[in-house]
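**Q** Chain residues, written in single-letter form:
There are 2 protein chains.
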Amino acid sequence: MPVTRASDPPALFEAAGNGDRVALARLLSLIERGGPGSREVARLAYKTPGAAYSVGITGAPGAGKSTLTDRLIAVARRDGFDGGGQVAVLAIDPSSPFSGGAILGDRVRMQSHALDDGVFIRSMATRGHLGGLSLAVPDALRLLSAVGMPVVFLETVGVGQQEVEVAAATDTTVVVVNPGWGDAIQANKAGLLEIADLFVINKADRPNADGTRRDLELMLDLTELGEWRPEIAETVASTGDGVDALWAAIGRHRTHQSERGLIDELRRQRLLREFRQIIAARLDERITDLTDSREFAGVTRSMLSGEIDPYEAADRLLAGVRPDRAGGETDA
Amino acid sequence: MPVTRASDPPALFEAAGNGDRVALARLLSLIERGGPGSREVARLAYKTPGAAYSVGITGAPGAGKSTLTDRLIAVARRDGFDGGGQVAVLAIDPSSPFSGGAILGDRVRMQSHALDDGVFIRSMATRGHLGGLSLAVPDALRLLSAVGMPVVFLETVGVGQQEVEVAAATDTTVVVVNPGWGDAIQANKAGLLEIADLFVINKADRPNADGTRRDLELMLDLTELGEWRPEIAETVASTGDGVDALWAAIGRHRTHQSERGLIDELRRQRLLREFRQIIAARLDERITDLTDSREFAGVTRSMLSGEIDPYEAADRLLAGVRPDRAGGETDA
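Here the protein sequences line up with chains X and E, keeping their order.
Residue 161 in numbering that gives the first Met the number 0 sits at position 162 of the first sequence, with consecutive numbering throughout.
Residue 182 in numbering that gives the first Met the number 0 sits at position 183 of the second sequence, with consecutive numbering throughout.
Calculated from the structure, these hints are not laboratory results.
Each residue gets a CB set at the ideal place from its N, CA and C atoms; glycine is no exception.
Careful: at least some of the hints might be erroneous.
[As the list claims (entries may be wrong)] Okay, the calculated bits of chain E under chain X, using three or more residues with CB under 8 Å as the criterion:
{"id": "1", "segment": "37-44"}
{"id": "2", "segment": "282-289"}
{"id": "3", "segment": "298-304"}
Same shape as in the complex, but just chain X (with noise of 0.2 Å):
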């Protein structure tokens, strides 16, 4: 099924719908770079609801996620939530944006997986999106249950402030820690306990895995809790151990959160908070025009030299922003 018109969001949209795998990369491809395509593949998305259900996974780098992303494609592959079926893999690094080494990572990855039609793997940076990785990522999630992944898989690298927000995005997150001293503390700090509905303790066949596991356990007794428990699972990516026991610890909180209805409400949360970052973006956008307007040339000159303070100027400045500006048709 070649694709006729390759700039065309809604031919590609289609295309992709019926399984062409280049379509489904170049809508991707439209989100990350942004501006009024990556607008119009968002709206067909959202006007297209799938039911992909989304995992994140996240950890410090070195922690081994990419093994056990690997893993976990084979066992969701094998067994989904209700019988086998296609998975997507999101990979995310937001600290290397342009970086050739994500679609290295694509590579070494697809290895296992290379003659599998059944798995979508994408590395996913930022070129032009507004809002950058945290709109860019509900956006993809969105196209691929638009498209009808089951299940989609978000790997993140790093335990920064935009990676924990990214992973936040997701419907189940696994957050990745390793066998030793300190490692749990270090997740926490990075506010990865907060946003983990599972913990996987892995390389767990090296020294101290009960220590990491008490670590947890004390964290979580000292966290205010909802009706959810993370589970704490270990596995040995490498090997393969505990792999099949981590899929079947995802499938109960995901069972835990259908049953009460909370994944609902956990889009609609999703969804306000991905509006109120749209907006933010919009305000963003419109510093940055005026911090490039001949106005704050001048203004700047005058704080510069003493005539006004930084508070006056801005003052200045923003009675020249005019009110057209806030409603602009694109978003890039």
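Keeping the supplied structure of chain X fixed, place chain E upon it in accordance with the hints.
**A** Chain E only, in chain X's frame:
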């Protein structure tokens, strides 16, 4: 010199300039509190530039920053940069804006300088200041300079994004680490390497100070540096060992900057950044206004029902932004 009108910034400012410490403390409270009072203090301070040299002291909790600052106060009081003089200290803890901990910390520290009129120590939190600490701290530093303080120490607790930002607002930034494996690497991860003008290995009598120095040197070798390569001092704050040498190193950095005319350029850059932050904070206030509005509720309903996507929702909402909100007179 009793202050007659406690809520009148010009009177307080004049009194503080004549050495009234109660007036100075009240002005800082006004800055913390934000709003028109803060704005007026900022304007007064801006119109009266002083000659304070500011030294930021940052690093992970437990590194011994408070004890070190306490020692530095004594040296700065005795020697200054060009002879002894007054010293002001701002202790910042963004993570606990309302904590009594900060106030307790004051009292503990005050012990060693309680009888010295030449030392002014103040904890600072933000209560309502527009833009939070990122904007309150520059205002406070300008105030302390305007009332004639020659040396101001800014001590931050914690190593979050905001602390790094705040610490970078000083003329010389000192990053405190401890001996031991990984401490230098943690400092690097926290973004402290980028802002450090000087490193101090405090508790240098503990094992592995040499290892930490090697780590730091290596990381500096791997970093693109300007003309100034951060010096690495060693101290034992609890005994005072090395503190004179640290003060001398701070002085060398100051001389380096003043000889090359870098301080003016640095302050110019900071002023521009501050200006941008004020604009950002102003626009941020408008987001809050928007999400409190009746339009927001209506647009949100349409979005959650699937009628419009979040981008469309943002467009509709922002189309209703009134221009006259931009040039508001108050900032809180």
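**Q** Now look at each hint and say whether the structure bears it out.
**A** Hint check results:
no. : hint    : result
1   : 37-44   : holds (count 3)
2   : 282-289 : holds (count 5)
3   : 298-304 : holds (count 3)
Against the hints set out earlier in the document, no violation occurs for any number.
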